[in-house]
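Novice: These protein sequence lines are chains A, B and C, in that order. Going by our numbering, 95 is the number at position 95 of the first sequence; the sequence numbering is gapless. Going by our numbering, 1 is the number at position 1 of the second sequence; the sequence numbering is gapless. Going by our numbering, 47 is the number at position 47 of the third sequence; the sequence numbering is gapless.
Bear in mind the hints are in silico, worked out from the structure with no lab data behind them. A portion of the hints provided could be inaccurate.
Note that the list lumps identical chains together, so a pair holds whenever it fits in one copy or between two copies.
[Stated by the list, open to error] No farther apart than 25 Å at their CA atoms in a straight line, the calculated lysine-lysine pairs in the DSS-like style are these:
#1 K6 x K69
#2 K2 x K69
#3 K69 x K30
#4 K6 x K130
#5 K6 x K30
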Amino acid sequence: MKTFRKEIWLNVPDRRGLVNITSEVNDCIKESGIREGLCLVNAMNITSSVFINDDERGLHQDMDDWLEKLAPHESVNGYRHNLTGEDNADAHLKRSVMGREVVIAVTDGRLDFGTWEQIFYFEFDGRRRKHVLVKIIGE
Amino acid sequence: MKTFRKEIWLNVPDRRGLVNITSEVNDCIKESGIREGLCLVNAMNITSSVFINDDERGLHQDMDDWLEKLAPHESVNGYRHNLTGEDNADAHLKRSVMGREVVIAVTDGRLDFGTWEQIFYFEFDGRRRKHVLVKIIGE
Amino acid sequence: MKTFRKEIWLNVPDRRGLVNITSEVNDCIKESGIREGLCLVNAMNITSSVFINDDERGLHQDMDDWLEKLAPHESVNGYRHNLTGEDNADAHLKRSVMGREVVIAVTDGRLDFGTWEQIFYFEFDGRRRKHVLVKIIGE
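Looking at chain A on its own, in the form it has when it is part of the complex (with noise of 0.2 Å):
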């Protein structure tokens, strides 16, 4: 068995935005060798998510406007975790509802994707570095 690790570090100068971050991933395929087996990749952060879909802007509009209804930011003193001088509860929700990972499946050295997958970063208390793990296991 081979394993495979690797972090990718990332600056979003807004609150909050998407980063595609595939073909990072694909780069961490290649040079792991492995060509059968499960690719994790997960933010080490807890205000940030992983997630694999469309790579259309306006989708990714539409995405964010809904969280920001489904968890507003505002107002910032309604939330007790901000009673702790932090202004980032609404980003630990939005990354409960993305979630915080994805696992893929590697076949034949590549991403075993549909036509339309494409994995992105969703960072939603940025302006600062963050990471993501790349975790491969396999043959």
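For chain A, the structure is supplied; the task is to place chains B and C on it using the hints.
Specialist: What follows is chains B and C alone, placed relative to chain A:
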């Protein structure tokens, strides 16, 4: 280490609908010959989900009603994604709530499940062929 | 390849409640002797979740309030599932938001975590014994 891969194809006749795919996944475990490991089951399309819950018809209807409330289909033109000619923005959001994938333990050559766990495919934009990936690794 | 399996049993005294299970999962990693691999932790019951987030009491209360808003317990008779004699339809929906499982990288014989990542069990229909599965594969 052994690996196994198979696609399950589905064609849900309505826009939305649930299909119990537990027996198909069970067949994959048997076919794989893998006795100990992990089994990934994921939607390969981005407007459907794979999730684990109860096989109870009333609950499924509750889920469908609830998702339609959280991310309504109408108004179609209210979503930026639908300006591309699609009418399925809500399907992408509903799938985000229910998730893309499940990872299941394989123990003694079987799905290692609690009493009521069943695997479902949830279609949010049906009336065409879609596929689900089953990837098993172990020994 | 090595595999390891253990069940963690819990009995949350109220209908809803959170339990930090990070140290129990850590103990499983040590007991397994696995140094590199993947660790699956999933609820074996379908009215509870396993998820990763911050160990902050105010945030946990925010999450509980927020889930009750997204999928309220009342009115109990408003859910079709509850016509079967249950009163836990909301628990199935809340669990759908928070997720069934997490997959965690094992590196150097430890949970490969960011600074604030902690594993929680979220009970949505407690006052009875429930179980969580830990399955680790690797070497």
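Novice: Are the hints correct? Go through all of them and say.
Specialist: Tested hints:
For a Cα distance limit of 25 Å, the shortest separation of K6 from K69 qualifies neither inside one copy, at 34 Å, nor across copies, at 38 Å. With identical chains, the CA atoms of K2 and K69 are never at most 25 Å apart, being 43 Å at best within one copy and 45 Å at best between copies. In this assembly of identical chains, K69 and K30 lie within 25 Å of each other by CA distance neither inside one copy nor across copies; the values are 39 Å within and 43 Å between. In this assembly of identical chains, the alpha carbons of K6 and K130 lie at most 25 Å apart only when taken from the same copy (14 Å versus 33 Å across copies).
When the C-alpha separation of K6 and K30 is checked against a cutoff of 25 Å, the pair qualifies both within a copy, at 12 Å, and between copies, at 23 Å.
In this structure, the earlier hints numbered 1, 2 and 3 are contradicted, and the remaining ones agree with it.
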